[in-house]
Amino acid sequence: MQEARRKMQVAGGRLVITLWVGVLASLLIVGAVAAQGGTVTDDQVNAVAKKLNCPVCENVPLDVCETQACAQWRDLIRQKLATGEKPEQVIAYFRDTYGDRVLQEPPLSGFTALIWILPFVGLVAGVAILVVVLRRMTARSVAVDATTEASPVADEYRQRLERELEEIK
Amino acid sequence: MNDTVAKRQTGSVWLIVALLVVVGFVLVLAFALRARNATQPTSGAAPDFTLQVYPGYDGGLGKPQIKLSDLRGQVVFINFWASWCVPCRDEQPVLEKVWKQYRSKGVVFVGIGYVDTEPAALQYLKDFSVTYPNGPDLGVKIAPKYHIQGVPESFLVDRQGNIVWFKIAPISEAELIAQLNQALAK
Numbered sequence: 001m002q003e004a005r006r007k008m009q010v011a012g013g014r015l016v017i018t019l020w021v022g023v024l025a026s027l028l029i030v031g032a033v034a035a036q037g038g039t040v041t042d043d044q045v046n047a048v049a050k051k052l053n054c055p056v057c058e059n060v061p062l063d064v065c066e067t068q069a070c071a072q073w074r075d076l077i078r079q080k081l082a083t084g085e086k087p088e089q090v091i092a093y094f095r096d097t098y099g100d101r102v103l104q105e106p107p108l109s110g111f112t113a114l115i116w117i118l119p120f121v122g123l124v125a126g127v128a129i130l131v132v133v134l135r136r137m138t139a140r141s142v143a144v145d146a147t148t149e150a151s152p153v154a155d156e157y158r159q160r161l162e163r164e165l166e167e168i169k
Numbered sequence: 170m171n172d173t174v175a176k177r178q179t180g181s182v183w184l185i186v187a188l189l190v191v192v193g194f195v196l197v198l199a200f201a202l203r204a205r206n207a208t209q210p211t212s213g214a215a216p217d218f219t220l221q222v223y224p225g226y227d228g229g230l231g232k233p234q235i236k237l238s239d240l241r242g243q244v245v246f247i248n249f250w251a252s253w254c255v256p257c258r259d260e261q262p263v264l265e266k267v268w269k270q271y272r273s274k275g276v277v278f279v280g281i282g283y284v285d286t287e288p289a290a291l292q293y294l295k296d297f298s299v300t301y302p303n304g305p306d307l308g309v310k311i312a313p314k315y316h317i318q319g320v321p322e323s324f325l326v327d328r329q330g331n332i333v334w335f336k337i338a339p340i341s342e343a344e345l346i347a348q349l350n351q352a353l354a355k
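Those protein sequence lines, which keep their order, are chains Y and D. Per our numbering, the first sequence starts with residue 1, numbered consecutively. Per our numbering, the second sequence starts with residue 170, numbered consecutively.
Next comes chain Y alone, as it looks inside the complex (with noise of 0.2 Å):
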């Protein structure tokens, strides 16, 4: 009889155990899923999606685009953020699936780079021009200056409008 009782408080034993372990097993799952970032705020989402465009607007970014798929792709920024996946990649991840052209500043590399660098390139070859221009119509001037006032013939017409206008007097 205190044989089957012993039995029966140890089996007792096991299953506390048992079900403490289970507990605590599950405690640190739900833990860890927590850390990962199982509930990731719009706000996070919403902070990875302005650095992308909508894959079918003109220039709009992700964040603030109402269309279907924009929705779509902020629900899978969030599935992926919630993974534990750091924004970085959440980007990356895009960039390589859909191209350069998903992101909201074009990176400096590649092709891409022209749209860095060209405008400054127009700006400075159109202020070139400008100072080559300016610089050589100032040069005319002062020489066409310079030619009219050592003139003999200039002299002669100033001399003579100064007699003519003597006369009037």
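None of these hints come from the bench; they were simulated from the model. A hint or two may mislead.
Unchecked claim - If you anchor each label on the Cβ, the simulated ranges turn out as follows:
| # | chain 1 | residue 1 | chain 2 | residue 2 | range |
| --- | --- | --- | --- | --- | --- |
| 1 | D | 350 | Y | 121 | 51 to 59 Å |
| 2 | Y | 42 | D | 274 | 24 to 32 Å |
| 3 | D | 177 | Y | 92 | 32 to 40 Å |
| 4 | Y | 123 | D | 350 | 54 to 62 Å |
| 5 | D | 202 | Y | 82 | 36 to 44 Å |
| 6 | D | 266 | Y | 123 | 55 to 63 Å |
| 7 | D | 207 | Y | 117 | 23 to 31 Å |
| 8 | Y | 137 | D | 192 | 20 to 28 Å |
| 9 | Y | 83 | D | 270 | 37 to 45 Å |
Ideal Cβ placement from N, Cα and C applies to all residues, glycine included.
Given chain Y's structure and the hints, the job is docking chain D onto it.
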């Protein structure tokens, strides 16, 4: 005097360089604008592409990748779609039905997912029990070749690899069958 001439020559060189830069700038913009305004090809050789198919969506071809030029000799129906596209949902049952009727007649259907997310695209394919080859346009490299303006858009390529038909809206069963028959008769 010589100094003035030298200065003028230097100025001229700079002026020419600056003008060339400006001309180059304008040319780049012009080409970009031209590429942007290009429309879908409606005839001539179909732009070649390689499509990485979704797992389980090779349409029985037994390859993880489909190269359009490898399908030469068969009539190829190319359909750009997306799971977020409502009209695509309208035409999807038609495409699957016609594919099943024509797959044994030398016709290959190729579905290309346009800027879709993989989970949503796979769910869409599952929802419509799609069996023909389908894959994502990774890096959005195929769509620009065909200058698509939206989805759904479809192109029919004949056995010689030329585009013979194009449609920018959902396709009806009757018109798709008519176009396939015409392409097969050539």
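Hint check results:
Distance hint check: the CB atoms of residue 350(D) and residue 121(Y) are about 56 Å apart, consistent with the given range 51 to 59 Å. Between residue 42(Y) and residue 274(D), the C-beta spacing of about 51 Å breaks the proposed range 24 to 32 Å. Range check, residue 177(D) to residue 92(Y): about 54 Å between beta-carbon atoms, so the 32 to 40 Å window is missed. At roughly 59 Å, the beta-carbon separation of residue 123(Y) and residue 350(D) lies within the given 54 to 62 Å, and the hint holds.
A hinted range of 36 to 44 Å holds for the C-beta pair residue 202(D) and residue 82(Y), which are about 42 Å apart. Checked against the given bound of 55 to 63 Å, the beta carbons of residue 266(D) and residue 123(Y), roughly 58 Å apart, stay inside it. Taken as a hint, the range 23 to 31 Å holds for the pair residue 207(D) and residue 117(Y), whose Cβ atoms sit roughly 25 Å apart. Checking the proposed 20 to 28 Å range against residue 137(Y) and residue 192(D) shows it holds: the Cβ atoms sit about 22 Å from each other.
In this structure the hint that residue 83(Y) and residue 270(D) lie 37 to 45 Å apart at CB holds, the actual value being about 42 Å.
In summary, the numbered hints that this structure violates are 2 and 3.
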